[in-house]
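Asker: In case you want the letters, here they are:
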Amino acid sequence: MTFQKIQIIAFYTFKELLKSKILINVFFVGLLLMVMTYVATEFTYGVPERVALDFGLGMLSLSSIAISLFLGVNLLSKEIDSRTVYMVIARPVPRYAFILGKIIGLVGIQFVNVFLLSLMTLVVTYVLGGNISSLILWAIGFTFLESILLLLVVVLMSLLANNILSSLISVVILLLGHAVKETQGVGFVQNNPFVKTILEIYHFILPGFYKLNLKDFVLYKTALPLEYLFSSLVYGLSYSAFLLLVIIFIFNRKNID
Amino acid sequence: MIKFTNVTKIFKSDILSQPFTALDHVSFNVPEGSMVGFLGANGAGKTTSLKIIMDFIRPTEGEVLFSNSLGKNKLEIFKNIGFLPERPYFYPTLSGLDFLKFMGKLSGLSLNQINDEVKKWAPIFKIEFALNRELKTYSKGMLQRIGFLATIMHHPKIIILDEPLSGLDPIGRKELKDVIIQVHKEGKTVFFSSHIIPDVEEICDRVIFLKEGKLVYDGSVNSLMQSGKTQDFYISAHVPPDFVPHIKPKESIKFPDDLQKFLVSPELKNEFLSELITNQFNVVSVEMQKPSLEEIFYKTRGQA
Ligand SMILES: Nc1ncnc2c1ncn2[C@@H]1O[C@H](COP(=O)(O)OP(=O)(O)O)[C@@H](O)[C@H]1O
Ligand SMILES: [Mg+2]
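Order-wise, the sequence lines are chains U and F. Going by our numbering, the first sequence opens with residue 21, and the numbers climb by one from there. Going by our numbering, the second sequence opens with residue 148, and the numbers climb by one from there.
It is possible that some hints are incorrect.
Covered stretches of chain F, going by a simulated chain U footprint (3 or more residues, C-beta under 8 Å) [said to hold, decoys possible]:
id: 1; segment: 203-215
id: 2; segment: 224-231
id: 3; segment: 244-257
Since the hints were made in silico from the structure, they are not lab data. Yeah, the Cβ is synthetic: ideal placement off N, Cα and C, and Gly gets one too.
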């Protein structure tokens with residue numbers, strides 16, 4: 021019953037977002053990819069397929085981050101501001117079903133984006149003679165997971181602060197989440213127990229986005245230990261589940277007016 | 148059917164702002180099968196009350212009780228409620244039909260049932276031609292009508308409407324009122340808010356009256372009229388211009404052709420009449436002074 025309601029909300033959310041023409045970026049990124057590849061084949065010696073792969077994965081990552089940020093921050097707040105949310109929660113629909121439906125609808129859009137862009141990247145890389153390693157597929161999957169994790173951070177923030185502030189905080193959390201690994205290795209931090217502890221606490225609480233970033237490995241390696249991949253996967257999934265629970269907890273108690 | 152029990156709502160937007168009491172220990176009852184008007188000036192607390200009934204916001208104190216005929220848990224109860232928010236806003240890029248499908252499915256209707264309902268109501272609401280257009284192209288009246296369709300399509304036992312008639316032109320109001328009456332005749336309980344008294348007076352049998360967050364009246368429209376009635380009578384008669392009645396009327400108005408209209412209190416009515424009759428004056432009419440709900444409304448507003 022409720023499962024069906026989630027599906028229905030996800031479906032119409034997807035349909036509405038689709039009409040917002042957000043996926044038009046796929047077209048432009050694709051075009052840019054072609055141009056870049058052409059330039060690369062003409063001017064770089066030996067490694068055009070690497071340029072294509074590097075560029076394609078970079079664009080994939082950037083566009084999915086942008087989608088999470090821009091659509092995520094409006095996902096619930098726009099519904100609340102414009103009071104369309106009343107239409108839905110005045111029906112026999114639990115609030116958590118509304119949340120899940122909205123998020124799944126947006127993740128659907130995200131999936132289409134990731135799917136199309138990575139397909140283009142893989143085709144171009146392959147045509148240029150590149151090798152499609154399983155690591156590349158992992159990297160793409162992790163980019164998708166990263167965008168979901170970021171989306172949940174944004175949605176959570178949007179329940180606590182206004183749109184501008186919540187986007188800003190989310191970007192900071194994203195950047196820190198990527199930087200935290202490198203900072204831990206820095207000598208200053210190693211020699212400074214206080215800073216080290218702070219970073220460890222941070223690391224413990226806030227999402228370690230770096231765990232889902234395989235792009236740096238992709239260009240130079242063809243495989244990573246499965247253990248590493250799986251632990252990152254489990255980390256990303258469980259962190260997402262945790263955020264989702266917090267979002268539902270807050271939304272259930274929220275006065276919607 | 149719905150029992151609003153001792154509800155207080157205090158808004159406190161942030162730490163710095165003054166707390167604001169939007170509802171102050173309000174209790175009322177929406178009886179099954181009734182058509183209840185929820186009256187009050189802008190800011191009286193009508194929307195806040197409805198939001199509390201719909202569980203959009205939580206009361207600071209008090210509770211809302213639903214009768215068993217609506218259901219045992221929230222999902223069952225909400226299946227039997229049709230709610231139309233104030234100034235409803237719709238997903239702009241969905242088509243009218245998609246919107247109805249979305250809402251119908253959420254209320255548990257099958258696609259066939261939805262299509263049947265749309266076939267039945269769309270011509271009545273005159274939105275048939277626009278069902279495949281995006282909602283952002285709809286006029287205010289069309290939105291209100293499609294919103295109303297969505298509110299009744301799942302055959303709720305009670306419909307709750309927040310200012311359904313506001314912003315409509317006179318024809319639109321009349322049309323929507325007629326459908327509300329029709330839906331009520333089919334056995335649905337209707338509870339709608341309005342700050343326009345004639346609408347309520349015209350179609351409701353009960354009225355709940357809020358003023359600045361406090362309940363000032365809950366009862367039948369008739370007894371509200373009674374309560375506001377002074378019981379005075381207007382007596383019209385043809386009398387000579389120099390006629391000075393033995394009993395002094397509260398008011399007298401002269402009309403052409405020696406017609407005069409006197410306002411007399413009920414105790415003196417018969418005596419006054421017998422004087423006229425003894426003098427063989429022609430009594431044209433005797434009528435009870437009957438204020439409109441509007442007069443009572445503004446009188447109540449003026450108090451305290
Ligand atoms: N979220 C809120 N925060 C502060 N005050 C509010 C809030 N919502 C409503 N109010 C105030 O409560 C009062 C009642 O509002 P409302 O219920 O919308 O009145 P009505 O629907 O009868 O016009 C108004 O004075 C309004 O300003
Ligand atoms: Mg209102």
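Asker: What hint numbers does the structure not satisfy?
Answerer: Violated: none.
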